[in-house]
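K.L.:
Heads up: the protein sequence lines correspond to chains R and U, in order.
With positions in the first sequence counted from 1, the corresponding number in this note's numbering is that position plus 2.
With positions in the second sequence counted from 1, the corresponding number in this note's numbering is that position plus 2.
Hints may contain errors.
One-sided and incomplete, this derived list gives chain U residues near chain R with beta-carbon spacing under 7 Å [to be verified]:
1. Gly116
2. Pro169
3. Tyr185
4. Glu186
5. Gly246
Since the hints were derived computationally from the structure, they do not count as laboratory data.
The beta-carbon is built from N, C-alpha and C at its ideal position, and this holds for glycine as well.
The residues making up each chain are set out below.
There are 2 protein chains.
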Amino acid sequence: MRQYFSAISLILLTACFSGIGAAAHENEVTLPAVRAHKPIQVISPEISKDGRVTFRLFAPEAGGVKVVGDFIENESEEIVRQGYDMKQNADGVWSFTTKQLKPELYYYRFNVDGLLITDPSNIYRIRDVATWSSIFIISGSEGDAGWLYSVNKVSHGNIAKVWYESPTLGLSRRMTVYTPAGYENSSRKYPVLYLLHGMGGDEDAWATLGRAAQILDNLIAGGKAEPMIVVMPNGNPNTSAAPGEWSGAQQYQPVFGRNDFGDSKATMEASFPDIINYVEKHYRVLNDRRHRAVCGLSMGGGHTFWATVHYPEAFGYIGLFSASVWLPGRQFPTIDQMERYKPLREGLAGLFATKPLLYWIAIGEDDFLYKNNKVLRAYLDSHDYPYEYYENSGGHVWRNWRIYLGLFAQKIFK
Amino acid sequence: MRQYFSAISLILLTACFSGIGAAAHENEVTLPAVRAHKPIQVISPEISKDGRVTFRLFAPEAGGVKVVGDFIENESEEIVRQGYDMKQNADGVWSFTTKQLKPELYYYRFNVDGLLITDPSNIYRIRDVATWSSIFIISGSEGDAGWLYSVNKVSHGNIAKVWYESPTLGLSRRMTVYTPAGYENSSRKYPVLYLLHGMGGDEDAWATLGRAAQILDNLIAGGKAEPMIVVMPNGNPNTSAAPGEWSGAQQYQPVFGRNDFGDSKATMEASFPDIINYVEKHYRVLNDRRHRAVCGLSMGGGHTFWATVHYPEAFGYIGLFSASVWLPGRQFPTIDQMERYKPLREGLAGLFATKPLLYWIAIGEDDFLYKNNKVLRAYLDSHDYPYEYYENSGGHVWRNWRIYLGLFAQKIFK
């Protein structure tokens with residue numbers, strides 16, 4: 003009898019799929035142009051097999067359109083900052099084709115007579131603080147950055163948005179938790195990576211901008227990283243969650259470098275045990291330092307630095323990505339001489355006495371925090387505190403943080 | 003010692019928060035206008051206490067800007083379709099202020115000389131098939147639609163993106179699962195609502211466009227709905243997941259009314275047991291029909307119709323929202339006369355013989371499927387199959403489906 007129904011429902015569903023009334027579905031309104039142009043549906047971005055990308059925008063009345071984004075390299079400062087000029091055809095469609103791009107995830111926006119917009123023809127876009135950008139991926143071959151950030155034909159982990167209580171901060175808080183493929187169907191216990199975002203970010207940042215799920219899926223499937231749980235908490239101790247996700251910031255528009263939510267009861271790093279306690283109570287985890295790692299970018303690198311000084315026994319693997327760590331440099335009395343830094347130097351001494359399995363510092367040579375990390379390394383060197391150092395090109399950008407996560411994830415729990 | 007560290011880290015984090023290098027953070031590029039205009043940061047939308055909304059857009063070179071969206075009511079057909087004209091000031095900022103709007107979640111876009119864009123000053127936007135719209139909420143008092151869709155000061159459930167195996171379809175598939183506040187910290191078993199999307203949608207649609215988590219959070223916190231798990235599967239049986247979430251549609255741009263993924267091994271409704279089996283194995287659920295409900299919008303209403311005919315014992319509560327159900331009307335031989343409809347009429351007879359606890363049909367008077375649902379009701383009436391019927395104004399739109407979910411959720415598991 004089931005077969006009969008399937009046949010009939012296929013017939014009827016075909017009718018349903020045939021597009022009757024289709025126009026009524028999307029947002030109810032149909033939207034002709036302000037002026038008398040018939041809108042043209044364009045394909046954008048179009049990625050050729052050899053990695054060239056064509057951007058297109060239908061904007062018949064525009065005086066000038068540029069495309070700007072981090073795919074622009076080896077060009078003049080002006081082009082890097084302002085973008086490439088697009089050319090308009092007779093139908094009002096502007097277009098520009100790049101040279102061959104190397105495998106990567108790229109951002110871009112259009113500049114239409116000074117108005118910066120995402121690409122209306124591309125559904126893929128991500129938000130960084132207050133700015134939405136369109137994105138595309140040049141997915142190369144296995145192991146390439148573009149491949150690592152792509153959704154490949156591998157088993158996928160699950161992503162959950164989880165509310166937990168933080169008694170230290172006096173808040174219900176939201177975090178993102180990645181459980182690796184297989185977690186739901188096993189009784190195995192897993193190690194946990196705590197992955198921290200930067201200033202202006204929130205518990206969604208690593209899962210969107212950071213492609214954390216794709217990176218872990220691909221590394222785990224390839225046997226390059228151990229299956230692990232990844233916990234991405236919110237690092238702003240005076241908020242509960244990302245904008246729009248809690249009642250205190252229901253329609254809040256974030257501004258980079260500003261935080262309008264007043265004082266917190268405690269610091270992010272002081273509240274870290276609340277997070278660990280929740281995770282270790284609710285997930286099947288290995289709960290010793292050999293199976294706990296922490297890393298973070300920028301402010302989250304600072305949180306990592308301080309949390310591991312606070313709780314030297316907690317984490318075996320420690321990663322600082324473009325870390326915001328502010329130690330007095332040569333021009334100041336050093337940490338070892340100043341009384342106020344006594345707790346810090348004792349804390350670091352205590353941390354390194356536990357012999358961390360990995361203390362990993364990564365930064366790009368153009369990062370505005372490069373010098374800070376140099377001071378930190380000098381301090382660690384002066385005490386023979388062992389660490390690994392990774393330096394690459396580039397600045398204080400997600401492109402680098404994705405690279406660092408990919409590298410760090412391969413070094414831990416082994 | 004912990005107190006010392008907190009004090010020091012606060013000092014150092016203050017430095018970190020002071021905005022040094024802040025400009026480097028967002029997408030690396032700074033973006034001056036194509037022409038020589040100094041960009042002006044505007045606030046948009048700005049919602050007054052009495053519910054009037056001001057939209058603003060900095061577009062100094064534009065010839066004409068309109069704002070269009072579903073907040074426009076009681077206006078000429080032209081304004082409803084094309085939007086309100088915005089006025090430009092001397093700084094190049096266009097603006098328009100609405101009259102008082104009733105509590106609701108609204109969509110809007112700007113039309114800049116024929117170019118349709120989301121509002122660059124508003125981080126809140128959602129995608130419907132291929133179209134992104136900016137959104138805002140007029141949140142009224144408790145019980146209002148706007149309040150129901152808001153993140154209020156209540157306990158929040160968790161949202162997970164979960165991969166499961168569908169042997170019937172031969173695919174790994176992704177679904178969204180809402181677990182109510184308290185689920186993680188109890189041993190209680192919960193009823194389950196299976197909530198299905200429409201054509202062009204995916205497993206993300208009810209959680210974004212449908213505000214399912216907010217609706218459930220608010221109804222449960224107010225004691226108006228029973229705490230329940232809500233499972234939102236993907237209703238396209240030839241795909242694994244939403245665009246961008248599976249390797250088969252890594253950078254796929256969806257087109258409304260089209261589906262490029264070929265034939266499926268079976269129908270969505272035939273594969274329903276795979277979903278139920280996964281959920282009942284992995285979650286603490288009450289697994290009888292008194293604790294299983296299913297509802298869906300449009301195509302998902304069709305899936306609900308057929309799944310409950312397929313599996314008459316499975317669901318006690320059944321909801322059809324603007325359902326895509328195509329039965330022969332009066333001009334054709336009726337279901338009762340045609341041999342080919344024998345399985346359907348026997349299936350419906352079997353379903354209603356089980357005495358469903360609720361068979362709920364909801365539709366708007368302007369819905370293009372209104373007539374289809376009238377035929378369905380006539381058939382049910384002619385056999386004295388009991389159902390409840392809810393009719394309101396409006397068409398085939400998410401605004402109605404959110405209303406229907408809010409109503410249906412209050413009727414089930416009681």
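K.L.:
I'd like to know which numbered hints this structure contradicts. Please list them from smallest to largest.
P.N.:
Per hint list: 2, 3 violated.
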